[in-house]
Amino acid sequence: MVEKTIAVNYLARVEGRGALNFKIEKDGKIENLQFRIYEPPRFFESFLIGRKYTELMELTSRICGICPVAHQITTLRAVENALGIKPSSQTKDLRKLLTISAHIQSNVLSMYFLSLPDLMGYESIIPMTKDHLEIVKRGLKLKKLGNDITDLIGGRAVHPVTAVINGFTALPSKNKLDVIKKRLKEAKQDTFDTVDLFSQLEIPDFKRKCEHMAISDAKEYAINEGRFKSTEGLDIDERDYRDYIFEKQRYYSTALHSYVKKRDSFMVGPLPRVNINFNQLSDDAKESVKRSGVKFPNFNPFVSHLARSIELIHDIDECIGIIDRNPIKEETNEFVCKSGFGAAITEAPRGSLYHSYSLDINGIVKSADIVPPTAHNTYNVEKDLYQFIPQIDHLPIDEIKLKCEMLIRAYDPCISCSSH
Amino acid sequence: MKEKPKIAIFKFTGCAGCQLEFLHLEDVFLDLFELFDISYWMMIKRDNDERQWDISLVEGGISTPEEIEEIKQIRKKSKFLVAFGDCAIGGCIPSIRNWIPQMESEKQVYPDPSSIHSTKVLGIGEYVKVDESLKGCPPHRDTILELLKSALLKIRPRLRQHPVCVECKFKDNACLITSKKIACMGPVISAGCGAICPTLGRECEGCFGPMSNPNAAALADIFRSIGLSEEDIKRKFRKYAGMDPEFRKEAGQ
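Residue numbers (our numbering), protein chains in the order written: chain A, 1315 to 1734; chain B, 867 to 1119.
No wet-lab data here; the hints were simulated from the structure. Just so we're clear, the structure is a prediction, and the values are computed from it rather than from any experiment. Glycine residues also receive a C-beta, built at the ideal position from the N, C-alpha and C atoms. Check before you lean on any hint, since a few could be wrong.
For lysine-lysine, the following DSBU-like pairs were computed, each having C-alpha atoms within a straight-line distance of at most 35 Å [unchecked claim]:
no., chain 1, residue 1, chain 2, residue 2
1, A, Lys1490, B, Lys973
2, B, Lys942, A, Lys1562
3, A, Lys1451, B, Lys1037
4, B, Lys973, A, Lys1652
5, B, Lys1020, B, Lys872
6, A, Lys1488, B, Lys1037
7, B, Lys1115, A, Lys1652
8, B, Lys1037, A, Lys1455
9, B, Lys1047, A, Lys1643
Derived list of chain A stretches under chain B, where covered just means 3 residues or more per stretch with a C-beta under 8 Å from a C-beta of chain B [said to hold, decoys possible]:
no., stretch
10, 1331-1338
11, 1377-1389
12, 1450-1463
13, 1477-1485
14, 1605-1612
15, 1700-1710
Model the full assembly from the supplied sequences, consistent with the hints where possible.
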């Protein structure tokens, strides 16, 4: 075999700025593999120090334009844990609705806009409008539904404004929720069609058994709250996260690499969620898994797309359930400020997201610690690539590039988040 | 048929929220493909045309030496360059770190800062000529459409210069400052959001940046009179546009 040098200098169809470099030697050995995150860091953990606890959700929202809701809710929960506040069940439910709406938006974006062009042989969704207009329209419609729910609960789709400590500044009207419920029901068929589409498209036959992690709860498909669990037996409370998960710096990446204490890299995201919390999926979501013919637990990272589509069905069912059980009522939203430490883990669209804060007696931030899903995943992406490349190293360089990009896109990296 | 205007969308130091707001134009998204040639958009396209563009929307601030070089190259190849959102205008939220010694920030985040080469975060206008600015974190979808429509018609877009207060009046919102003594930034902040926050029961925090010719000192006095400390006032102004000359004094030089 001839020596091959692979360089993807600016990864397309992912959020943010990343690159991939490696060399395949004549004997097939992979040298200098670097998933190079060169997104300029913004030093959130530095400038949050000195800020006030009541404005934190507004600030951390700006870590990411795709998953602002995930950062807001994680911040709010971490601050509430520091202050010893227990929000009402209505607040928890509305937050869940907000988080799920952002999952719908982000996961549809990942499936239809960022990865589908790879699987169907197009450079982007733009030329697909000529040959597959119905599919493109379906993607736009589903994404809009997610956005409109975020708009309704949060005030706007990107960087919503209503979620605050212990509640919301404004509540959605029953009429508007009913309209959304009708649209959710109508969208059901589109979500089934999405699962069908992604179970029919050919993906690389690749498997790597690595540690999968997600928050988990026996009673519900965990999204905003749960114990942090893994397929290798990790089962911890969110406040103990830093006893088990560590980070190391790589000189070529502004995102730190996460690993489990005394073990290795791990994966977070829709695939680990479906693997770990399969029993808590809605009936229709489980039924669609049967129809897809794909077996779970599954350790092919390319199955992440299908996992997203399965979650989409569950998301719609969950949203309808929340609207049905909540006759929205005004609640008081009082709390007292005190010093303390609080941590929280939630599931962002791309996987588990950790925030923690120490506050002084006036609610001023003394320290902040944030680990987004893509920071959790970057090291694992490299590990996957080491095992995946030997399966494709006989192909022409352009093909190798595309296949490796596809693997990275299956993780739906959010690079701005990772180098916050 | 006449050749379609070429659009390019770039990302610098920021969160991609402005691009997302562009993507959230779902209702007219397919029409945009008919009217414009979207020729460079890394987040959406794999084949990107790097020759030259009629309209370049630049999201994000400038915070590394590489980005300075890059924005200059983009300027050379762009007929009409837009600072797309608050980060591109003046650094936005990430600019809060401009008040902290850079080395201190780097040590806070990285065990070995030697491979990090960030500078202060500044707007793109510090380095290149900007033809138009879309305010907001993120700019409102309607403003993006206004800009695109104006480009097709070859006229200047109508962008708002007045404060959020005007939009509150349109919506019949009671003034949060006078009625509840809540420290609302609305009187010095550019309209364009539709007064989302005051309409939804909370104060404006200023995510559309300063309006034209604001009186920041007067608002800071009002904040003092309703009980805010000097530190509170600094935090209010040192947020979305602390680097702006209009807010610089209240943000703490």
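Original post:
Quick check: which numbered hints come out false for this structure?
Top reply: 1, 2, 10, 14 and 15
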